[in-house]
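S.K.: If you want the building blocks of each chain, they are given just below.
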Amino acid sequence: MNLMAEILIQVVIAFLAGSLLLGLHRKIMARVQRRPGPPIIQYLLHSLKFFFKETSIPKTVSKPFYIGIVFILALIWIVGVIVGPVAHDSLLILFGVYAVYKIVEHNSGSSSGSPYGKLSCVRAVLSAATELPLFASIVFVYLVTGSMNIGEIIAYQSVHGSLVYTIPFAALMFFMLIITKSPYSPFAITKDKALISGFETEHFGLLRGFMHFSESIAWYVMLWVFLTIFFGPLNAVGYLIGMIVITFITGFINATTPILSPNHSVMTQITIGAFCFFATILMIFI
Amino acid sequence: MVSQKIISIILLVLSTIAILACLIINFSEWIVYTVAIFAIPTWILSLGLLTMAKPKPEDAEERIKEPFTGY
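Going down the list, the sequences are from chains V and C. Here my numbering is used: the first sequence runs in plain steps of one and ends on residue 445. Here my numbering is used: the second sequence runs in plain steps of one and ends on residue 90.
Please note: incorrect hints may appear among the correct ones.
To be verified - Taking lysine-lysine pairs in the DSSO-like style, the calculated list, with each CA pair at most 30 Å apart, reads:
id	chain 1	residue 1	chain 2	residue 2
1	V	K212	C	K73
2	V	K222	C	K73
3	V	K352	V	K277
4	V	K352	V	K340
5	C	K75	V	K212
6	V	K218	C	K75
7	V	K212	V	K277
8	V	K208	C	K24
9	V	K208	C	K73
10	V	K350	C	K73
11	V	K208	V	K350
12	V	K261	V	K352
13	V	K222	C	K24
14	V	K212	V	K222
No wet-lab data here; the hints were simulated from the structure.
Pulled out of the complex, with its shape left as it was, chain V reads as follows:
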């Protein structure tokens, strides 16, 4: 198949699947809290609807930055689709994508001129602590498989079995990142409702729709990477079931857990990360 056609198909799949999974996430949270909740398709409809909503650019924003940062958000997650589902390339690039995502959170808030956005921007710096367990998780995958290449990691697992059985605590560290990035997460200090919508507060209308597009792709890519590097070679049905199960679990956790204060959030993540780090070292070397 033509490479560009493959990329376009994967981007559309990532957007549609990511939107529906985020819709499912909201539905699960609502049902756990004994509310009917919106239809599963609502997140997708919102994303599309925002493209046609009335949009104006506030006077207080830094205009090129304000629009450019939304463009960068889409750009990095399209890189994520290319590196992951399309090319099966290096995990380090995906780590880079995640690092830039933190920069986007930070600069989206600071470009807006809104006090809520700026406070969220400060919290984005704190929440960068989640990158340490992610990096440790990737390093352990490298130590066991001898490769950072996703294609080679899949090949390793097809011979030796899924990595989740070899390094379960490294998988747990990665899963913590997924919880952190899920909506209404206890660790989502940048989008705390006390800050309205955090760094997204001033991005409304078209730009909010564009952010929804990127975040749907982000959710799909993160779940895809997690399933691929820890659950071995999977077919389309395996990915579908895995993504739905993870969305169920994160939805349940987020529905029953209040958002933590910034310092508690960071300390909890670091503590869980440190425990998983030493547990994985013990499992590998003893």
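Fit chain C to the given chain V structure using the hints.
M.R.: This is chain C only, laid out in the frame that chain V set:
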């Protein structure tokens, strides 16, 4: 607003041509990746800037005056 519309049209046309060229011609991988990474977000953003609803002229000033604090 007029300059924004013109820039959006130019970017939409350029990104459409770049994506179509990669669909028709088999370029080397790094060219296709570069085009995909830059042209897909450009296409969506420029299309969005053209299709989004604009405020009425009498409301335009009011919309941009205060920082937006919720939706």
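S.K.: Against the structure, test the hints numbered earlier, and report the numbers of the ones violated in rising order.
M.R.: none
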